[in-house]
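A.B. asks: Mapping the sequence shown onto full-length UniProt numbering, position 165 (from 1) lands on 165, and the numbers just tick up by one.
Heads up, a few of these hints could be off.
Pairs of lysine-lysine, PhoX-like flavour, derived with a Cα cap of 20 Å [unchecked claim]: (1) Lys244 <-> Lys67; (2) Lys360 <-> Lys401; (3) Lys229 <-> Lys31; (4) Lys484 <-> Lys435; (5) Lys139 <-> Lys7; (6) Lys435 <-> Lys360.
Because the hints were derived from the structure by calculation, they are not lab data.
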Amino acid sequence: MVVDNHKETLGFQAEVKQLLDLMIHALYSNKEIFLRELISNASDAADKLRFEALSDDGLYEGDSQLKIWVELNQDAKTITIRDNGIGMSREEVIENIGTIAKSGTRQFFKSLTGDQAKDAQLIGQFGVGFYSSFIIADKVTLTTRRAGLTAEHGVRWESAGDGEYTIETVDKAQRGTEIILHLRADEDEFLQEYRIKSIIKKYSDHITLPIVMPSVSVDENDENQKVIKEEIINSATALWVRNKSEVTEEEYNEFYKHVAHDFEPPLLTIHNKVEGTLEYNLLAFVPSRAPFDLWDRNTRKGMKLYVRRIFIMDDSEQLLPPYLRFVRGVVDSSDLPLNVSREILQQNKQIESIRSGTVKKILSALEGLAKNEPEKYATFWREFGKVLKEGIVDDHSNREKVAKLLRFSTTHDDNNVPAISLDDYIGRMKEGQEKIYYITAETFAAAKNSPHLEIFRKKGIEVVLLSEPIDEWLVMHLTEFEGKQLQSVTKGSLDLGSLEDQAEKEQVEKANTEKKPLLERIQKVLGNKVKEVRTTYRLTTSPACLVADENGMDASLERLLKAAGQSINNSQPIIEINPSHPLILAMEQEQDENRFSDWALILFDQALLSEGGQLEDPASFISRLNQMLIQLSKSA
1 MVVDNHKETL GFQAEVKQLL DLMIHALYSN KEIFLRELIS NASDAADKLR FEALSDDGLY
61 EGDSQLKIWV ELNQDAKTIT IRDNGIGMSR EEVIENIGTI AKSGTRQFFK SLTGDQAKDA
121 QLIGQFGVGF YSSFIIADKV TLTTRRAGLT AEHGVRWESA GDGEYTIETV DKAQRGTEII
181 LHLRADEDEF LQEYRIKSII KKYSDHITLP IVMPSVSVDE NDENQKVIKE EIINSATALW
241 VRNKSEVTEE EYNEFYKHVA HDFEPPLLTI HNKVEGTLEY NLLAFVPSRA PFDLWDRNTR
301 KGMKLYVRRI FIMDDSEQLL PPYLRFVRGV VDSSDLPLNV SREILQQNKQ IESIRSGTVK
361 KILSALEGLA KNEPEKYATF WREFGKVLKE GIVDDHSNRE KVAKLLRFST THDDNNVPAI
421 SLDDYIGRMK EGQEKIYYIT AETFAAAKNS PHLEIFRKKG IEVVLLSEPI DEWLVMHLTE
481 FEGKQLQSVT KGSLDLGSLE DQAEKEQVEK ANTEKKPLLE RIQKVLGNKV KEVRTTYRLT
541 TSPACLVADE NGMDASLERL LKAAGQSINN SQPIIEINPS HPLILAMEQE QDENRFSDWA
601 LILFDQALLS EGGQLEDPAS FISRLNQMLI QLSKSA
């Protein structure tokens, strides 16, 4: 095989240059995390080698004792982190080091504030990995060779973090990766052995392979002979197999930061050992902040699968459903075969049981958080509530559990900070109330100020305010809760059950008869714009509103589908009028059919606008409205 050993000078992606500059200047107060990140990457490389070697043990090249070495050179002022893991090919180096292979990069940079403290948190949330080297180094040299390739396929990458890097092919006898950090002039503290050992113990004690630091001593029998000893710094014990009582909060936090590449501690830790016919360990975490690519349902960065402490695969979609994609952690099974593949996982009953148990454990932990630490749960809901709602659609078997975790805004609080559960709602339903009432709209303001709520506010009946796109799908699948039917206030005839005022109902029936000529005149003007014109008592201050047919589609859902490119036929809404409203009374007396027609069209357009709809012909609406205002001013 011909080896391409030429040396290239290449430029970083613009995003990488920007990230490097931010890290160097914004993470000055947390410099030591560079070592955690590089050791974490080395650990991942060892995991990947173990996995690939399951089907090809020749990749070990006669050396299956996997380690991570950390070496200090006082004279050269360098720190070297070395591993004998999977290594990288030239193409992998360019892909993984020269670019940021992450979705959400642009969203990340848009979120930056210019405040160093806040931006440091954001950078930690995004994940810094290899690039954290430049926090303390003014030059980084990486030499690597992928397992299975011969020595002449080594690759050397070097950069001063100034926008360019060089890459060349070199000889490298040992597989794996070596990173040499050439320290900046003011970073000598990281050349102190005790300082490096303390950082390793603090951040990387849980790494499951030895992290060693070589030390040189003089042979007692020969002063000219030097002896190199390797001191293991970490405990090298899988955290998830230890008893919960033996693990400190700090150890949990640092392990979370390892698996999630996050700076902040997790919001919630779930550690569980399942024994019996099926045995596995679960260690899962809920982050404090949502990742930038949370809305990509195809991106899974959550759970790592191990079998008897041997890494099998990353981001296993079989372990968690999409709506729990924000969870990070490890599942370690004692029963699965070591040669398990993604294809086998898809049809494996044991995996189905592990997934089912894992989901139930996570949902139960969230339920406990909501009950015992409501402030923390409010943080969780703010970050992940929209995604959790997907569980109502995705996970039929756990629908009730997920429904209990949902939080909403309602007409009783009138603010856009969802904090009310469906249990809360049921607990304060009015005597005789049989349904859970809700309204969907495209914005919170449109939901909160909808004319459909007027009768509910008058009678003190609470209505759930829904204004997120996922809410349309949620109410299609969550049709009842605890035996109470969910009822849209914008569909069908108003049905308040035993809460209805019989006198009001009779008054509407009477108005429908008395106002029949008016209703027919309005229907004639509006034509096929509406299916029906009728009177209602749901309005107290507005002249009219639009209502979807009982079996029809809510207007907000129809608009959502159209915006997504769906071919949807325009539905015919029902227009309901308030028979006692001054505008309706004035229309009834109007003899000029042209003016009446203008009033009827304005009435329809106003009703459409009030529910967040868009006018087909805004110019005509404005023209009619202006003419009416002119006429009113003349008559005044």
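A.B. asks: Work down the list of hints and note, for each, if the structure agrees.
C.D. replies: Each hint, compared with the structure:
{"no.": "1", "hint": "Lys244 <-> Lys67", "result": "27 Å, violated"}
{"no.": "2", "hint": "Lys360 <-> Lys401", "result": "9 Å, holds"}
{"no.": "3", "hint": "Lys229 <-> Lys31", "result": "28 Å, violated"}
{"no.": "4", "hint": "Lys484 <-> Lys435", "result": "5 Å, holds"}
{"no.": "5", "hint": "Lys139 <-> Lys7", "result": "17 Å, holds"}
{"no.": "6", "hint": "Lys435 <-> Lys360", "result": "28 Å, violated"}
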